Structures are given as structure tokens and as C-alpha cells.
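> One-letter residues, chain by chain:
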Amino acid sequence: MSSTDISLHKDVHLGHDDHHDDHDHDQSFIEKYIFSQDHKVIAKQFLFAGIFWAVIGGLLSSLFRMQLGFPEATFTFLEPILGKWVDGGKLNPEFYLALVTMHGTIMVFFVLTAGLSGTFSNFLIPLQIGARDMASGFMNMLSFWFFFLASVIMFYSLFLETGPAAGGWTVYPPLSALPQAISGSGAGMTMWLVSMALFIVSQLLGGVNYITTVINMRTRGLSMTKLPLTIWAFFLTAVLGLLAFPVLFSAALLLIFDRSFGTSFFLSDIYVAGEALTHTGGSPVLFQHLFWFLGHPEVYIVILPTFGIVSEIIATNSRKPIFGYRAMIGSMLGIALLSFVVWAHHMFVSGMNPFLGSVFMFLTLIIAVPSAVKVFNWIATLWRGNINFTTAMLFSVAFVSLFISGGVTGIILGNSALDIQLHDTYFVVAHFHLVMGSAAFFGMYAGVYHWFPKMFGRMMEEKLGYLHFWITFACVYLIFMPMHYIGIAGFPRRYYTWTGFETFNKFMDMNTFITIAAIVAFAAQFLFLFNFIYSIFRGRRATENPWKSNTLEWTTPVNPGHGNWPGPLPVVYRWPYDYSKPGAPEDFIPQNVPFSQTQSSNLPHERDTE
Amino acid sequence: MIMNPELQAEQRRVNPLKFMLILLIVSIVMMFAAFTSAYIVRREEGNWLEFDLPAVLIINTVVLILSSIFMQWAYASAKKDNLKNLKIALLLTIVAGTAFLIGQWQGWGELVRNNVYFGGSTSNPSGSFLYVLTGVHAFHLITGLIFLIIVVISALKYKVHSRNLNRIELCTIYWHFLGALWIYLYVFLVLNH
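Here the protein sequences line up with chains A and B, keeping their order. For the first sequence, full-length UniProt numbering assigns the number 1 to the initial residue and increments by one for each residue that follows. For the second sequence, full-length UniProt numbering assigns the number 1 to the initial residue and increments by one for each residue that follows.
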């Protein structure tokens, strides 16, 4: 991994020196590209690490989908790779559980939290608010290296003899607390907890930096109501992380004590293999409360950054102002607030008081309101726009589609009565994979395609991008639409095989179909990977502002050097969405153009500021 | 590279480091909010061992409040460039902080003598929670002491004075926060026993 990093950065290095011959020479190679404190380099480090993890996470899902789609087949070709986890061509059931667990952990935390926020918050916050760098470059660097350490430990746990953690990404005790319950709860679980503790430290260091930078370091004229929606989204994401991750840390700490120090916070009256354990007085539901108090905001930590990215890309490529700018901010604030008071909708069947369930159901369904506001505004922005279908735009429009399809089933699952039937079935799996898995991935792809020119000074190949988009988009629906159906039919999630159940036999073909679609989708991502790496070195050279966009990052040189702007910082005069303004000679007016230069297009209330 | 007007603009705003410290304090607050709410939820479920809080805790509380007063005195001395008082006050703060930690350790010993254990077959979550709350607080207090020592070292090098208050100001905020956090925990424990 690190060797590719180094070679990838060489290209940046060339462009880098063109603009900043004067003050870059005193930095050594290691300071500049490995232990760098420059937000752009750190963003790329997060991006490369995120891509690495996404490949691993996708590979794991392909493995367990093969088991689900072809339960009778023997995969002898996997034996040389997976060793004793494949016995006579059959996946070991405990290994299957480990695959599911690690797929969830990697995708939710390492790709869609660190890879997404880490990349785009780091890259865009200073560039879009007109700052030289983050508030503390050192803490920012620490944030990446804590993440790197967490990654190394989590990656190492994949190769343990007893296997990585296998109790599900939610690591509910008592399963996760007792090594005698499942082999994955031994050393694998210990490493999972250590890795997550480091991960949380990394997220807090990063989040503190994002918030401080947005609040304190905006350039002259850039009030909070002139911020691009991306920055609002990253800001609120960081606030959510700051409030939610410490709670996960508390839960993890108590779990560590239960596992290694003989306490009984989550354990009580357990018999393993006919033998009574000494733990008494604990409450496993307590862990669920603590976990989901993080866990629910966590899904918004995953999706909020993409709200911002998609809003920005849709407005730019529709050549129209974003519809309802303040409503967009308001709905994000609403979602952020509500995300802290709905956690128990994950626990409707945990034996919780039904009255409490009704309260959480009510609060959960309210989230549909701000979500619908956002969807309406995106569609209204597209409405009669002069749309440029760039790859980023395609991914953004598809994001809206996936967000609607996945969000609608959220309303179904939010009902505590319906959840009794649907809980822990594939309906849930389909729901969250559409609304926070695929949608967040699409938002991330949109972001990469859109900001690639600013990151690497070159353009990504559009035709290959279209191919990547259409295969992925088709496959996502081919995977998850049938999955709703088998979920309603009662298929429970996390089961290694269903061949023992007579009722489920008639859905065999559907499972095979889903598996094939999933493997095609995974294979299509290598088109992206090829395009990404190829374009870094051989892509068409980018101009300073290839998408004719208004935000400040496009006023920097093609390859912004250390400090981002060679001269003084830009000054902001207007909001970032002056697209197709009547009377303006061009269809976009960047944020740093004063009203005195645009007299033909100024609105009555803007004339005072001329 | 950095333009002068920019520097001035930065100085007009809140010191970013101070802002960051406050955000870190928020995250610590969330951690203890999780512990104390877990405590309440778990207590409501029954099977909860009731025991007396160690008597030494009230003494520790007073010691920690004293240390906060010393800290404030140190800050005021730095502001008035009274460097002799600054050093005395800082050292007194460290002594009081260390005394608090020793007192907490005594408290744990008292718990063990009363057969209230952290783990093991005879432990109950009510006791374990007390160890976790005091232990995690003590951990943060140790980080506070390290911060204090850093400030003392820079004070010995004459780097803490009225025109260089940054470091001691952050340290004061953090130390007062740790005191306030302990008072919250103590009141919480007294009310829930």
C-alpha cells in the first residue's frame, strides 16, 4: 500500500514544484508525502487507504455471496487462498460469520466514515472556505496515522488463526464477550476492540479539526450562510462524530473490561456447554443502548457528507442555483438533531417497553420529513436545468434515486409493529444497503469523479466512467430489489445456509441471481480502479475550473501548492450558487467576484453592495 | 508566505487551540454522559449491590477544589507577571492533584476492604461502575497533570507571562473542567447511593 502511495504522489510532486519553488525545498520527502501536515496530502492518504479497504470489503462480500448463491457448490479453487477456512471446497460456517462481520466493520467505519469524511472533509474544507490549511496540521496528521494504526491492526486480525471478530459488526455481547462462544470472539475480537478504540481517537482528532477550521478560519466575507452545502454537511458530520464516537468508546471500554477483567456489565446468568459462568448482574441490552446511541448517528455520519457532495454536483451540473439553500441547511440540522433520539428503533424486538417503542417510532418517522425536503430540493434543482451529464452528475442523480428507494423502506421498518416481522431479515439488509451503503458509495464516487481534477491536476476518462456507472447502477438495483422480496418471505440475515428449510428452497434461483449481480458489481469497480490510477498518470490535463463551478477551490492553480493560493486569500462576496443568473454574460459567477463587476445581473437587494 | 492582514484577522478570532480544547472537553463529557446514563439504566433493572461510598471521597473532593483555586491563582499571577507566585501556585496545583490521585487510590483500597470488587465472581456492576467512573476520571486527571508539568517547565524557562498566556490559559480551562467533572461525578454517586 505505502509503496503505491509514494509512486502516486510523484506526479503531484511535479506540479507542486511548478508553483512553489520558493519554500518547498526545505521539506524532506518524508515530511512532504508520508508524515505530511498538508490537508491535501492527508486527504489523498485517506482516499488511498479507503480504496484499499473498499477492495477488501467488497472481496469479503463476494466470498459470502458465493456461499449464499451456490450452497451446494464446492469452491476448491479457494483452498490455496483461504487455507483451512475452506474445508473440502466448503466455507467454514464460523468463517462465514467472520466474513459478514468484517465486511460490515470495514465498509461502515473504514471506508464510508474514514475514507469518505477523511478524504473530502480534509480536501474541501480549507479549499472551499479559503484557508491555507486546517486549524492544526499536526493533529490532522495524527488523525491519519491513528487511522493507519487502526487499519493495520484490523487487517492483521484477518490473518489470525482463530479468525477475525465474528459476532456481527454490532458486536453484541454475550456472543462477542465470551471466547468460548465462538472462535472469532477470542484474539480477533480483542484486536477489533483495540483497532476501533484507535479509530475513534482518529475520528475525534479529525472531527475537532474540521469543526474548528469551519468555525474559525473562513476567509473574509464568507459567512455561514454563504458556505457551500458541502461544508455545512462536513461540519455537521464532524459534530455528530464528536458527540457519538465517545459513547462507542465508553461501550467498547466496558466490553473490554467484561472480556479481560472479569466484570459483568453486559453479562449475566450464562451457561456455556452446560457450565455456568460466574458473571452475574450484567445487562446485554445496556450494550445495545450504548452501541446504537453511536450506531444511529453513525449512519448519518456516513450519509451526510454525500448530501453535501451531491448538492454541490447537482447544482453545478444543472447550471442552476440549488433549490432551497436554507431549507437544505435546515433539513441537515434537523436530521443531525433527530439522529440522536431514534437509536432504539434498532431494538424494537429486544424486549424493550412497547410504549418506549412507540416514542422511538414516532421520532423515527419524523426523519422522513427533512429527508423528503432534501429529495424534493434535489429534484427541483434538476427540474428544467441545463444538465451536463458528467460521470459525477450521473452518480449524483443515481444517488437521489437510491436514497429514495432505500429511504421509503425505512418508513416501513421504522414501524415497531412491522419490525416484528421484518427484524433481522434480508429486508433490513436491502434497506440499509440501498440507503446508506450504495447511496453513500455513489456519493463518494461522484465526489471522486468531480474533484479528481483538483486532486491530481488531470481528468478522469469519461467513457470508462460511464461504463463503470451504468454497470454499477444496474447491478445495485439487481442485487437489492430481489433482496427486499426474500426478506419479506422471511429469510433471516447472518445465516450461513438455508438449505435445511423446505420453505426457502423455491427462492434458490433468486439468491443465485443476487450473487451473480453482486460479483458483476464488484468486478465493475475495477474499471474505476483502473481509470483512477491510469488518470493520475496519463489522464487529460485539467484546467483550473473544468466544471465552470463557483466555489473557491476552483480559483486555485491546477495543482494547488502548500498554502493553496499563491497570492493573498480570495475574498468572498456572494453565495456559491449563482448559476445561470439572468443578465450575466456567463452562466456562472464565482464566489470571489464582487457585485460591482456584475452590475448587469445584480438583483435589487444586491445593488446596495455594488 | 502568510500575509500580514491575514495574521491580524486570525488574531481577532477565538484562539483555535482553545476552541479545539473545548471540543475535546465536549467529547469527554459525552463519554461520561454515556457511563452515568448506563449506570442509571442498569440500576433500574435491579440486582444492584448497595454499599457505602468510601469516606475519603469527600476529602478528595475538597483537595481537588483547592487545586482548582491554586490553578486560578497561578493564572492570575501569570497575568500580573508575578513569576514567583506563578511557580509556587503551579507546584501547589500539582501537589494537590497528586494528593487527589493518592486519595482516590485509598478510596479503592477502602472498597476492596469492604469486599466491593472491580471484577471476578463476587463483583456486582454497581461496584464495577464506581471503579470505572473514578478510574477513567483519574486517567484524564493524569493527562491534566502532564499538561501542568509542561506548563511548569515552560514557566521555569520564563515562557509563561502576561504576553504569553496561551498555554497556561488552556491548562487552566482543562484543570477546572476536570474539577467540575469530578464534582458532577461525586454528586451523581451520592445521589444514586
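Among the hints, a few may not be true.
Claimed, not checked - Rough simulated footprint, nothing fancy, chain A against chain B, three-plus residues with beta-carbon under 8 Å:
id : stretch
1  : 20 to 26
2  : 34 to 40
3  : 78 to 86
4  : 101 to 114
5  : 127 to 138
Because the hints were derived from the structure by calculation, they are not lab data. These numbers come from a predicted model, not from an experiment. Where a beta carbon is used, it is the ideal one built from N, C-alpha and C, also for glycine.
> Hints first: check each against the structure and report whether it holds.
Tested hints:
Figure legend: the stretch 20 to 26 of chain B, annotated as covered by chain A; annotation consistent (4 residues with Cβ-Cβ distances under 8 Å, at least 3 required). With 3 residues having a beta carbon nearer than 8 Å to a beta carbon of chain A, the stretch 34 to 40 of chain B meets the requirement of three or more and the stated coverage holds. Figure legend: the stretch 78 to 86 of chain B, annotated as covered by chain A; annotation inconsistent (0 residues with Cβ-Cβ distances under 8 Å, at least 3 required). Look at the stretch 101 to 114 of chain B against chain A: 0 of its residues bring a Cβ nearer than 8 Å to a Cβ of that chain, fewer than three, so the hint is violated.
Restraint check on the stretch 127 to 138 of chain B versus chain A: 4 residues with Cβ-Cβ distances below 8 Å, three needed, restraint holds.
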